[in-house]
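Chain by chain, the residues:
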Amino acid sequence: MLHIEHLKVAVSGEIILKDVNLTIGEGEVHILLGPNGTGKTTLLMSIMGMPGYTILDGHISFLGKDISSLSIEERSQLGIGMAFQKMPTVPGVQLQTLGGLIIEKHKNSESLDDIAQKLNCTSLLNRAIGQGFSGGEAKRAELFQILLQRPIFSMIDEPESGVDLDNIALVGNALRELFERQLVKTKKRSGLIITHTGYILDYLNADMGHVLMDGKIICRGNPRDLFSDIKVNGYEGCARCEQP
Amino acid sequence: MMSEKYLREIKSKAEAAYDKKATLGPDIDLTEFSVCSPHEKIDSIEKISQSMKEAALYAGIDLLDTGNAATYVQVDRSAIFEKIQRAFQGKLEIMSISQAIEKYPEISRYYWSLIPVDFDKYTAFAELCQTEGYFIRIFAHQQIDVPLQACLLMSEEARVQSVHNLIILEEGARANINTGCASVKGNKKGLHIGVSEFYIGRNAQLTFTMIHNWGENFHVRPRTVVEMEDNSFYSSTYVLLKPLLSLQTFPKAILKGENANANFQSIIFGKGTSIIDVGSNLMMENRGCRGNSVSRVCAADQSKVYARGKLVSYNDEAQAHLECKGILFSHQAEILSVPELEVYGAPQSRLSHEAAVGPIEEEAINYLRSRGLTKEEALSLITRGFLNVDLPGVPQALKKYIEEIIKMTSQDLM
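Sequence order for the protein chains is P and L. The first sequence: position 189 = 189 (our numbering), numbered continuously. The second sequence: position 2 = 2 (our numbering), numbered continuously.
Do not rely on the hints blindly, as some may be mistaken.
As the list claims (entries may be wrong) - In the DSBU-like style, the derived pairs of lysine-lysine whose C-alpha atoms are separated by at most 30 Å in a straight line are:
{"id": "1", "chain 1": "P", "residue 1": "K107", "chain 2": "L", "residue 2": "K375"}
{"id": "2", "chain 1": "P", "residue 1": "K86", "chain 2": "L", "residue 2": "K375"}
{"id": "3", "chain 1": "P", "residue 1": "K105", "chain 2": "L", "residue 2": "K188"}
{"id": "4", "chain 1": "P", "residue 1": "K107", "chain 2": "L", "residue 2": "K304"}
{"id": "5", "chain 1": "P", "residue 1": "K8", "chain 2": "L", "residue 2": "K375"}
Just so you know, the hints here were simulated from the structure itself, not pulled from any lab data. In this text, all values refer to a predicted model and were calculated from it rather than measured experimentally.
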């Protein structure tokens, strides 16, 4: 579904991703791990096509098509979606208004109210996007939009950070629903999730974990095993890993 | 009839001020325009032409909707249609100003009482070459929840329409008045002068909405003063989203009574070479007066928008806030925010202001694009959201209608 080869990306003139290779197949959910500042969010932003993330080398293909020159909205229309780590403020635009437009744009038949209720977002619907949202509210509102969009490939940047323990289950169950629901009979949704805490692994059957350090994926494996190792040895242990 | 002496006095003052330039806004050569023509009265709203109905609709007046409490339609210099729904007869009056002058001798108490006839050349012109206007009175303790609508249309090229409007809300009355002023499609050049004097009695509440939709070579000069008695409430919403040559208005609310509460909202989109000078002036003369002056301004192309706000307190416990927010869309556009706060011997007054002018954040646009919206759709959505301000006192249905007007006219904004 997603295939990345030798990706090199600069942000404000500084090279952040040096040589990233990654393949995510249909129906697969991958986990991206790595210390702060190693380029995890940069990778997601580059796949989404956000301005300011300059591809210097390599290419990104999605569903067999090179998407490097496509606009953000074209990528979205192709089926790529992203729940952002930090929700921006969009003054005057209510979450409900955008939710309605997402359903319309992606020709989905989701019930906005049902999904809002599932994610404990009903009280946020009449508020301007991001305005005065707590960390947990912003995360739930991001996932609310992704559930309305139902992308073929979802990128979720730190879904559990800032979310209190009461709402972790909400977030986890929402992600499980997102990835477990069949798109059509033959196709399944895929995803790439950044996590620091690993809580989300309790709710998802993730297929593969990757450790990104110093702009490269230096280690791959079972996500639970990787997480256990990191808990014991830290990311330095990953750096010593022999698996390319 | 008003006394001959009074009429002679105001006429002579007007003649003396015929060349008096206004202190704000570009000066207009009045000789470029001739006075607009009279039209026949009609007995049914269905007889209004399709082009006029369309023009009215873009100014927030639905001439197909017969559910309004009362309707006044003026085309050029003639009041062509006035109607009060049966359920509201005896509760309010709506008629042309000339009829009102004829019918009520006591009107001189209100006529040119709040606005000096010699304020500037435009007020003088409105007296010397008056082309009608509406008179609305809500009788004491009548609460009219269904909106009333007044529509002033201009159909002829290069004419001047100079109306004098009078609204009186007697003690304890309550009303929502929706006014729309527009030029009919194809009429690109003209001058509209509107003198409006509003009186809001004790415990009365007026929610007033004005939407303008003029041709691109129009000049517009409204002159509005509102007098408010004890515990009265006034909410004014002004909307201008289409390009014109120039508009200058600085409506004033005189809060004479204790605890009077005035709120002004201006929603402005400057386009083309428009020069727009708008604002509001709250004169809080009594104890416990309150108010808000809020403006949302967008300036594109080569437009220049002045957003003024003046809060003046003469008495203690006044509380008022001034807020101006603007978005500039081009390197040639200008937004000038001009706040003034004045307090005279009232140390317990609290007046404040905040202003912010800046671009639409790229981050917000890209965020919406990541949900599948094009850049143009994202800009339009953010602009609409920015212009949709909270409108205190405005009924939900009218709020939705203003949102619709913003939506209708913002579709081709970008």
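Here is how each hint holds up against the structure:
1. P:K107 with L:K375: 19 Å, holds
2. P:K86 with L:K375: 20 Å, holds
3. P:K105 with L:K188: Distance ~38 Å between K105 (chain P) and K188 (chain L) Cα, so the pair is violated.
4. P:K107 with L:K304: 41 Å, violated
5. P:K8 with L:K375: 27 Å, holds
Violated hints, listed in ascending order, are 3 and 4; each of the other numbered hints is respected by the structure.
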